[in-house]
Amino acid sequence: MKSNWQQIIGERKNAILEQWLQSALALFPEKMASGTPTGEALLEGMSMVLDNFDGNQESCGEGINCIARIFAVQPFRPSVALSLFPLLGELIGEKAPASADTEVLKARINAITFEAFDRFLENREKIYQLKVEETRSQLHMLLRSTVS
Amino acid sequence: MSKYAPRKAQLAREFLEKPTPLKGAQADREWWEMPVDFHDGNWCFPGKPETLKEIGFPNPRKWAATDEDWQLPDGWQKIIHDGLKERLKKFRSLKLYLDACVRCGACADKCHFFLGSGDPKNMPVIRAELLRSVYRNDFPMVEKILKGFSGSRKLTAEVIKEWHSYFYQCTECRRCSVFCPLGIDTAEITMVARELLNLIGVNNNWILAPVANCNRTGNHLGIEPHTFVQNIMSLVDDIEELTGITVNPTFNRKGAEILFITPSGDVFGDPGVYTMMGYLLLFHHIGLDYTISTYASEGGNFGLFTTNDMMKKLNAKMYHEAERLKVKWILGGECGHMWRVVHQYMATMNGPADFLEEPVSPITGTKFTNAAATKMVHIAEFTADLIKHGKLKLDPTRNNHLRTTFHDSCNVSRGMGMLEEPRFVLNAVCNSFNEMPENTIREKTFCCGSGSGINAEEFMEMRMRGGFPRANAVRTVKKQHQVNALVTICAIDRATLPPLMRYWNPGVAVYGLHELVGNALVMEGETPRTEDLRENPMAIADEGEDDDA
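The listed protein sequences correspond, in order, to chains A and B. Just so it is clear: in the first sequence, position 144 is 144 by my numbering, and no numbers are missing. Just so it is clear: in the second sequence, position 357 is 357 by my numbering, and no numbers are missing.
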């Protein structure tokens, strides 16, 4: 069954990708344009997720991280940013043949959403880490002489 | 046709209806009706009252951008109005820029903050409009009569909040001005807006604290002379351990030929200190007769981000010290905004420096005629000249562990047109130099996203957004050429690009150009080199790796 969803997505990839990307761009204040570096990076990440939806988990994870990293520094609520992943399930479901097993799709979308949640939090934590590291590096010489 | 080109029907509709920068939920509103929102990560802490008192800036108080009441002084509208009037008279460029814009939008998608945030008020045209709309309401007669048609509006406390938010989301990088058909320099509009805000005590601590430090001790970090010397001498010890060479910098030495001034980040911060080690090795290698001042101990000038007068005051110490020490000319280290101040303002602001000589390299005899007015030469130019004349013994294989790309610092590339010299030096000291995409380098370079005094920790999220276009270009060369070293010639970049890379491109480290020069220099009498200036192992055996872009 798993390979069916990869095939279903593959056959409809452009339409799904376009709708998914537009939904992501619409989250930005007054809609981010698709030709910007942010738009291009989102497209690349989303494409990776779709290409590896049920295949290479590492590449799929990389795509998820690419999306999560962009949203983790934007001013939306985490729930708004992460809503993109359940939305992906809806977009795929709408375009799938009636005979397709939607339970498998739901399970996969849940897994992707949870992974996105982890990545989003990791990136938020990274931001706080950077704040601390930056303060330390400004005092590099002072800390070096007092700590060592 | 590009896949991003707007459809014909869309163009016709927008023309017939009404062009608007707002395309989403606010599409039926005017841009100035969009609310201003302050939340964690999108505003910098304001100046501390004691800091303001120290430098005599107005309205010292405790406040925060998230407060409802910003405790503006009585009559603040008049203060802003009079301040703008005074500056319109003083700076003809400001009047020209405010009057000339035809709102063509050529600048709109050139700003890194707009590209990273999608916020329409970060389009340079609208950022300038924040001030221009008030100017139209109060100043030109015709516009006054046509109120309502001209996009004018009254100055309110909400407008002040909007100014504070968006004029501190501009890094004064001037990328927009490269694309403006009328040559409007939006950075100068930001500079004046920040001056006006400072008149009523609406400010930024990350800028004012360094200004106060610099005013007191001569450098942004507030390092006192003995500590300044101590730090440099500890770098001398590091050099000795790594190379076996004892370099001998001198301090406040009268009669030296050259006064060397660099940003204090090079003396105190990581990774700036490695660039400083590179300078010290270079000067020892060529036997330069130079001295370092503990009074003019800062190349940078955060006064540029506050007021014209403060910039002038902080800059003056360079010439005062050069005159006191009776040097012939000044050599300046790797910095961005320092060079905007030096190159564009210093000669007229604090010159003429008639007590100095037109700079001549004591090693090659080259006359730096381009520095005839300021008497101050950029280190990249100085080193490029040394290499061109074969005066340096270099082994570029010592940098074989680094696959580099070069970030043009905004103020050096767009502010003073220095594009080739750093590339010439970089090509001579390493074997792998890879250019980022053409529309992201040289005069079209993308800003680090944190310049002009907004590299505050509390502003990190916004900085990551603003720096994204630069990071994205680095990502391209990282993927294509396995780049692991981002080289730059700006101290602010050396402070701000490391977190940007750690977030967007883990595995890419940030280097100063002269750190790589220091790695590559073959010093007479040195012990065999196995580690670079960061004590990372060199990959000296890797030869024949040459994929220059």
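Everything labelled a hint here was simulated from the structure, so no lab data went into it. Be a bit skeptical, because a hint or two may be false.
Stated by the list, open to error - Short, incomplete list of chain B residues facing chain A, as computed with Cβ under 7 Å:
| hint | residue |
| --- | --- |
| 1 | M1 |
| 2 | Y4 |
| 3 | A5 |
| 4 | D67 |
| 5 | E68 |
| 6 | D69 |
| 7 | G105 |
| 8 | A106 |
| 9 | N472 |
Just so it is clear, the structure is predicted and the values come from calculations on it, not from any experiment. Glycine residues also receive a C-beta, built at the ideal position from the N, C-alpha and C atoms.
Status of each hint after checking the structure:
no.	hint	verdict
1	M1	violated, 13 Å
2	Y4	holds, 4 Å
3	A5	violated, 9 Å
4	D67	violated, 19 Å
5	E68	violated, 20 Å
6	D69	violated, 24 Å
7	G105	violated, 12 Å
8	A106	violated, 15 Å
9	N472	holds, 4 Å
Hint compliance for this structure: hints 1, 3, 4, 5, 6, 7, 8 are not met, and every other hint is.
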